[in-house]
Structures are given as structure tokens and as C-alpha cells.
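Undergrad: If you want the building blocks of each chain, they are given just below.
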Amino acid sequence: MSEAPLIHVVDDDESLRRGLLRLLRAAGFEACGYGSTGEFLLHPLPDRPGCVLLDLLMPGPSGLELQAALRQRGVALPVVFLTGHGDVASSVRAMQAGAVDFLTKPVQRHALLEALRRALDRDARERAARAEADELRGRLASLTTREREVFDGIVSGKLNKQIADELEMAERTVKLHRARVMEKLSAGSPAELGRLAERLRLLSEP
Amino acid sequence: MRRVDAWVLAGLVAATDLPAVAAVDVRNVLVVYSNGRLLPANVEGDRGLHQVVRAPADHPVQLFYEFLDAPRFGGEAHDRVLAAYLQEKYASRPPSVVVAVRQEALGFLLRHRPGLFPGVPVVHAGVDRSAFAAMGPVPADVVGAPADYDFSPTLDLALRWHPRARRLVIVTGASKPDRAYEEQLRSEALPFEKRATVEFLDGRPTPEVLRRLGELGDDAVVFTPGMFRDGEGRDLTPYDSVRAMAAASGAPVYGAFSTQIGTGIVGGYMPSFEAIGREAGRTVNELVAGGEPASVRRPEVVPQALNVDWRQLRRWGVDPSALPHDAVVHFRPPTLLEAHRNEAIGATALLALQAGLIAWLLVEHRRRRLAEAAEQTRRLELARASRLAAAGELTGSIAHEINQPLGAILSNADAADLILESGGDRRQELRGILADIRRDDLRASEVIRRLRTALAKREVERRPFELNAAVSEIDSTLGAEARRRQSMLTVRPAPAPVPVVGDRIEIQQVLVNLILNALDAVAGLPEERRTVVVSVEQHSDRADVTVRDRGRGIAPEHLPRLFEAFFTTKRGGMGLGLSIARTLVEVHGGRVWAENGQDEGAVFHVELPTSREAADSSPEHP
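Chains as they are written, first to last, in the numbering used here: chain W, 1 to 206; chain Z, 1 to 622.
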């Protein structure tokens with residue numbers, strides 16, 4: 001769970017890559033280098049917190065293309081761009097695609113480390129959110145069909161009698177299901193159940 | 001009938017020259033010579049007169065001649081009869097001007113003019129200066145230039161040219177003019193008595209004269225004006241007498257008259273009778289034209305000129321270098337140059353022409369070299385401008401190339417910093433970092449050096465280089481540029497080294513230009529078409545570099561004009577890149593052309609002659 005983050009450095013320039021890895025490791029990070037976009041994509045990604053430090057211009061697919069490929073694959077690692085010569089157009093594209101920062105070589109240590117920390121923070125936050133959502137989804141998945149139907153009724157603000165009428169069951173049975181839903185979803189009150197439902201709704205949206 | 005005839009006659013008269021029918025005011029000029037008609041001096045004088053006398057437009061001039069034969073005839077009775085004769089003779093043709101040649105004729109006219117030709121102006125010619133002075137003042141309408149008959153310059157000359165001469169022998173005749181010469185000579189010879197013994201042979205019989213002259217040796221010089229009559233009363237012409245004397249004499253003979261040159265005399269200061277005749281002719285012209293005798297311009301005196309016989313100079317051993325430049329030299333055999341004058345002129349002209357041609361060619365050659373140098377400079381500057389423009393386009397890629405090693409250096413330095421902060425013995429790691437920093441530093445400076453080499457003002461080099469390596473060098477810069485443009489640049493070198501001779505930077509510039517054009521051509525196309533392939537191939541003695549793109553190709557109507565200066569299809573393009581590229585390639589003895597690819601895109605070819613010299617395939621190092 002609290003595994004150390006891993007920074008992926010993708011740069012075709014071997015010397016620069018080595019320098020960056022040295023710096024990151026000296027700064028206390030775990031880092032791993034890749035010579036090209038392809039190499040990175042072919043490498044099995046461990047499920048670890050981290051971020052990608054990505055060169056913009058490389059032979060073959062560029063950093064921007066890698067960024068797009070990662071998104072397509074559902075890899076949520078935040079990306080920090082590093083470029084020898086950044087033009088406005090590519091930096092805009094990179095930021096629109098969700099990059100954390102767009103740095104220009106040679107980069108100041110503090111700027112680099114700060115950007116990477118922000119990326120890792122974002123990754124940690126997203127990871128935590130994703131973990132919570134997963135847990136909630138897991139809890140939601142433990143509900144039976146009937147319980148789920150009752151839950152939907154409760155979060156849309158219906159009374160027990162209304163739910164009983166709609167589901168053609170006794171009001172008493174609705175109460176029973178309700179108690180089981182509260183227990184399964186670890187909700188202490190109907191209000192808490194509402195907040196839970198709201199969060200689930202947010203998470204289920206893309 | 002008669003009427004008709006009269007009409008015809010009138011018509012004819014009218015048709016012919018009418019003024020001819022009217023009385024024409026003919027100007028008669030009477031020339032009175034003192035001597036005989038065939039005296040050479042008179043013949044020459046007459047020639048000079050004829051050369052000059054010109055009739056005014058409306059006054060035909062008619063010349064008449066009379067000869068007094070002075071040495072042979074004379075005396076008061078003779079003069080009287082002659083005057084009466086002339087008066088009768090010229091009554092119907094009165095002269096407008098009378099010319100008196102020499103003092104005898106002038107004397108005769110001065111005496112008889114009032115009766116003979118009253119009021120008719122007299123032009124005198126060839127009158128001895130001293131004799132003229134002895135006549136006293138002459139009337140204002142008697143004009144002319146006396147002639148210089150001084151003998152002393154000739155006497156002086158003879159003694160100078162023959163420094164061993166101690167005797168000056170002077171021969172004169174027995175007639176009245178002969179005696180006049182003798183008298184003149186006796187006074188003129190006086191100053192020379194200090195330099196030589198002056199001996200006169202005056203009025204002697206010809207045989208004696210000839211014998212005496214024959215006895216002379218090289219201690220003597222002879223002077224004679226010639227004899228009109230010898231001591232035996234024999235009439236002679238001065239010419240014949242001088243010829244006889246010169247033939248007999250054992251010493252050089254000097255004379256007084258240019259007409260006698262050729263008789264065997266060496267020469268002397270002599271009046272030119274032709275010049276005297278011309279001078280008189282000019283005066284006659286002025287008077288005939290209506291000039292006033294008093295206002296007629298003429299020289300004080302007609303001067304003498306040194307006349308010499310070249311053959312006699314050689315015979316008597318006179319140094320030709322002693323001749324004054326204005327001497328009139330007779331009978332000098334023509335020099336080689338003179339003998340072959342036309343050939344010499346031809347040869348000289350030919351030489352001059354040849355020299356001129358050579359000079360012209362040299363000038364032309366120099367002009368062309370200067371023009372070539374100027375052209376070369378212009379080409380260099382254009383090429384540099386084009387490289388600067390390309391560099392401008394490549395700024396991003398160049399920055400990338402430099403920032404790459406700079407970034408590595410900074411990261412390594414920062415890493416080292418952190419490692420030192422962390423403590424512990426990590427020297428091995430630090431050493432590796434320093435090695436990397438050093439290498440990246442060199443890498444960055446190499447980029448800058450290359451850039452500076454490419455952009456610097458420079459002389460064109462001609463040295464062998466390897467084409468594959470040159471193309472690979474471009475790839476490192478342009479590869480980044482292609483990536484920046486999300487296009488793909490592929491370089492396919494030839495399997496074996498391709499040696500060429502020339503300027504590597506210029507050839508690289510050509511290729512950079514073509515590659516940038518190709519990248520422009522594929523910009524904005526679908527990804528799979530954004531590719532540019534550069535291949536190097538060698539075919540026997542030439543190398544072919546092709547730059548192939550998958551763009552839209554070249555419009556057929558643009559193909560022929562592609563390499564022209566200022567032709568461009570790009571917005572904002574100068575249209576210089578390809579024209580400079582062509583110039584650069586052609587300077588290398590190669591050619592560059594473009595065509596459309598078989599399926600799509602354009603193919604640019606750069607063909608260069610390969611060299612047999614082994615090329616240095618490694619790039620230059622600083």
C-alpha cells in the first residue's frame with residue numbers, strides 16, 4: 001500500500017538520462033530509465049505510485065504520442081515533460097493532455113524536483129481516490145439486486161412506502177433491506193448514505 | 001536657213017562657257033634667270049617655283065622665262081639690245097610680276113625696268129646676300145629674300161672633318177661671276193689662314209688645275225664653287241668643271257652648290273635652289289592675288305643646308321656620327337630597314353598587333369579573373385546568407401542539440417551536489433559523474449563549433465571528404481528538426497565509403513536545403529506520408545544523393561523553373577535556396593535536378609563526381 005514511488009525517465013539521450021537518474025536517486029527517489037517511447041511501452045509497468053519524466057523530441061513516437069498512448073491504455077501516471085527546445089504549440093498540447101509541467105533543458109534541480117513532487121502528489125491523491133472508489137464499488141457490488149434497488153430508492157430521496165409500492169413488496173421488507181444496505185456500506189445514517197452515493201456517482205463518471 | 005544658223009550659233013555660244021568668250025584677265029609672270037636654261041640650279045629653282053605658284057580662281061597665271069646667260073653674255077650693249085627685245089616681245093603680254101633670279105638678273109631689271117616694265121613689281125630670288133647688300137637700297141616694289149651663299153661654313157667644316165689637312169686649296173674660274181666668287185672667297189678664307197695654308201688656283205687652265213689637284217694628298221682639302229670659264233677661256237658649266245676636279249683630286253673636294261652633289265664632291269653648306277624657287281613662288285602668289293609689294297611677308301634670308309654625298313664621306317673616312325641631324329645626306333645606301341621598308345612595316349605591324357593582342361588577352365584574362373573572384377565572393381556570401389537562413393529555420397533543433405548535453409551536465413552536477421551532501425564514500429560514483437560532465441561539455445561545444453563552421457564567413461575548401469559521413473552529420477541536426485515537425489527523416493548511406501572532393505560544408509548546405517524543402521513538402525500530410533528519405537549511392541565514377549519525400553510532388557509547369565533564382569512557390573520564400581544549391585553543386589562539377597516520384601512526392605538528385613583519392617571519412621575535430 002505505502003510503496004515508494006518510482007519515477008520513469010524516458011529520454012533518447014543516454015547521457016542526459018543517466019544524469020537525470022543519478023540526480024533523482026541522489027535526491028532519494030527510485031527511478032528507472034527508458035531510451036525510447038517504445039521501450040517504455042513494452043516494459044511491464046509495476047503497479048506502483050510514480051510519474052513519468054518524458055522527453056518531448058525523440059526518434060520514433062514523440063513524448064506527446066506516448067502521453068496519448070498511456071491515457072489510451074488507462075495508465076494514470078502523471079507526466080512531466082522535459083524538452084530541449086519547447087515551442088508554445090507543443091507545450092499547450094502537453095498541458096491540455098494533462099501534463100503536470102513542461103520543463104526546458106537544462107532544468108534547475110529545484111524546478112525539476114518540485115515538478116516531480118507535484119506529479120507524485122497528484123499520483124498519490126489519484127491513487128487514494130481510486131482506492132476509495134474501488135472500495136466503495138466493492139461494497140456496492142456486495143449488495144444483492146433487491147438491496148441495490150432499495151439503495152437506489154433511498155439515495156433518490158424516496159420514502160419507505162414509496163419504495164415498497166414501486167418494488168411491490170411489504171414496507172417491512174424494505175426496512176429490512178435498508179438495514180442490511182446501511183450495514184454493508186458501513187453507513188451510520190441515511191445522510192451518510194446520501195454522501196456515499198454522491199461520491200460513487202462522481203467516481204463512476206469518467 | 002541663215003537665220004536658223006544664227007540661232008543655232010547663238011544657242012551654242014550660250015551653251016558653252018560664256019566667260020571664256022569674255023576677255024579673261026590673265027596674269028603674266030615673267031621669270032628672268034641670270035644664267036642658262038639648263039643650269040641645274042635654274043632647273044631646281046624652276047621646280048620649286050612651279051610647286052608653289054597657284055593661279056587665283058578668276059586669274060589664270062601664265063609663266064614666261066628669259067635667260068640672260070650672264071657669264072657668257074653681258075655688257076651694256078648687250079643689255080640695251082636685250083631690253084629693247086624684251087620690250088617688244090612683251091608689249092602684247094605685259095607681265096604683272098617679274099621674277100629676277102640671282103643678282104645679275106636683278107641688276108639688269110633695276111637698270112632697265114623704268115623703260116621696260118614701268119611699275120611692275122619685281123620679286124628677286126637667289127640673290128647673294130652680300131651682293132644684294134652691295135646694290136644699295138632697292139625700290140619698295142622690289143621684294144624677295146636674298147640667299148645665303150656664304151662659303152666660310154663649308155671651309156670650316158672641311159678643315160674640321162679632315163683634321164690632318166694643313167692646306168686649303170680653293171679653285172675658281174676666269175669669268176666675271178667666277179671672279180666674283182674668287183673675291184668673296186679671298187675675304188672669307190682669311191680667318192682660316194691660322195689653321196691651314198690657303199692656296200688659290202684662280203683662272204687656271206683646266207689641265208693645270210686637274211694636275212695640281214691630282215698631286216694633293218691627305219694633308220689638303222679642296223673647295224670650289226666651280227668654274228664658268230677656265231684660264232684658257234673655255235666655257236664650262238660649274239657642274240662639269242667640278243666633276244672633273246673631284247675625279248682628279250687626291251684630296252677631298254668641297255663645293256658650294258647642292259646641284260653639284262654627285263659629281264664627286266664631299267658636300268658643303270649650300271643654298272637649296274628648290275627652296276629659293278618656292279620662296280619666290282609664294283611671293284608671286286601674293287602679288288598676283290593683288291597683294292601690295294610692301295606688305296609681302298618673306299624671310300630675311302633663305303638659309304643654307306649641309307648637303308653631303310654619303311659615298312664621299314666613306315671614301316675620305318669622315319665619321320658619319322659627326323653629321324648634324326639636319327644634314328641632307330645623298331646616296332646613302334638604304335639600311336636593311338630602309339631597303340625592306342614594307343616588309344619591316346609589315347613585320348612591325350604584325351609584332352605590334354601581336355603585342356596588342358597579347359596585352360589585350362592579358363587585360364582580358366585579368367578582368368576575367370577579377371570578375372571570377374567577384375563572382376566567387378558573391379557566391380560565398382549568398383551561400384552564407386542561405387546557411388544563415390537555414391540555421392534560422394533550424395533554431396529549435398539546434399537549441400535542442402545544445403541543450404541536451406547542457407541538461408545532462410546540470411543534472412550530473414546537481415546529483416554530485418546531493419551525493420556530497422549525503423556523505424559517505426561515493427567517490428567512484430562522483431568520478432563517473434565528472435567523466436560524463438566532461439564528455440557532455442565537449443559534445444555541446446562540438447555542436448557550437450559545427451554551427452560556427454557552417455555559418456562562418458569562410459573560404460571554399462577543396463579537399464577529399466567522405467559523403468556518407470557528411471550526410472550522417474546533417475542527420476543529427478535535421479533528425480531533431482524532423483521530429484520537431486513530427487516527420488520522419490531516414491538516411492540510407494551507401495554500403496561503402498564514397499570519396500568526393502570539394503567543400504563539405506557547401507555540399508551539406510545543399511542537402512540541408514533539399515531536406516528542409518522536403519520536410520516542408522510533407523508538413524500537414526497524414527502521418528504515414530510525413531517521411532523524407534535521403535540515400536547515398538555510388539555509380540562507378542559518380543555519387544548520387546537523393547532526397548525523396550512523400551509530399552504532393554512538383555507541379556509539371558514548375559519543374560523547369562525550379563532552380564531559377566527568385567522562383568518560389570513558398571509563401572515568404574526568397575526563391576534563392578535551390579538556385580544557390582545549383583550553383584554550389586555545379587562548382588563541384590556536379591549537377592542537381594528534380595523529378596516527381598513514381599507514385600507520389602518529389603525526388604531531388606545531387607550528382608557529384610567521385611574522387612580516387614582516399615577520403616578522410618572521420619568528421620573534423622577541433
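Hints are not guaranteed to be accurate.
[Unchecked claim] Chain W regions said to be covered by chain Z (calculated; three or more residues, Cβ under 8 angstroms):
1. 7-21
2. 37-50
3. 78-85
These are calculated hints, taken from the structure and not from any lab test.
Keep in mind that this is a model prediction, so the values were computed, not measured.
Where is the CB? At the ideal position from N, CA and C, for every residue including glycine.
Undergrad: Now, for every hint given, state plainly whether the structure supports it.
TA: Structure-based check of all given hints:
Here's how the stretch 7-21 of chain W fares: 6 of its residues keep a CB closer than 8 angstroms to some CB of chain Z, so the rule of at least three is met and the hint holds. Under a criterion of three residues with beta carbons nearer than 8 angstroms to beta carbons of chain Z, the stated coverage of the stretch 37-50 of chain W fails, only 0 such residues being counted. Given as covered by chain Z, the stretch 78-85 of chain W passes the check, having 4 residues with a CB less than 8 angstroms from a CB of that chain where 3 are the minimum.
When each numbered hint is compared with the structure, a violation occurs for hint 2 only.
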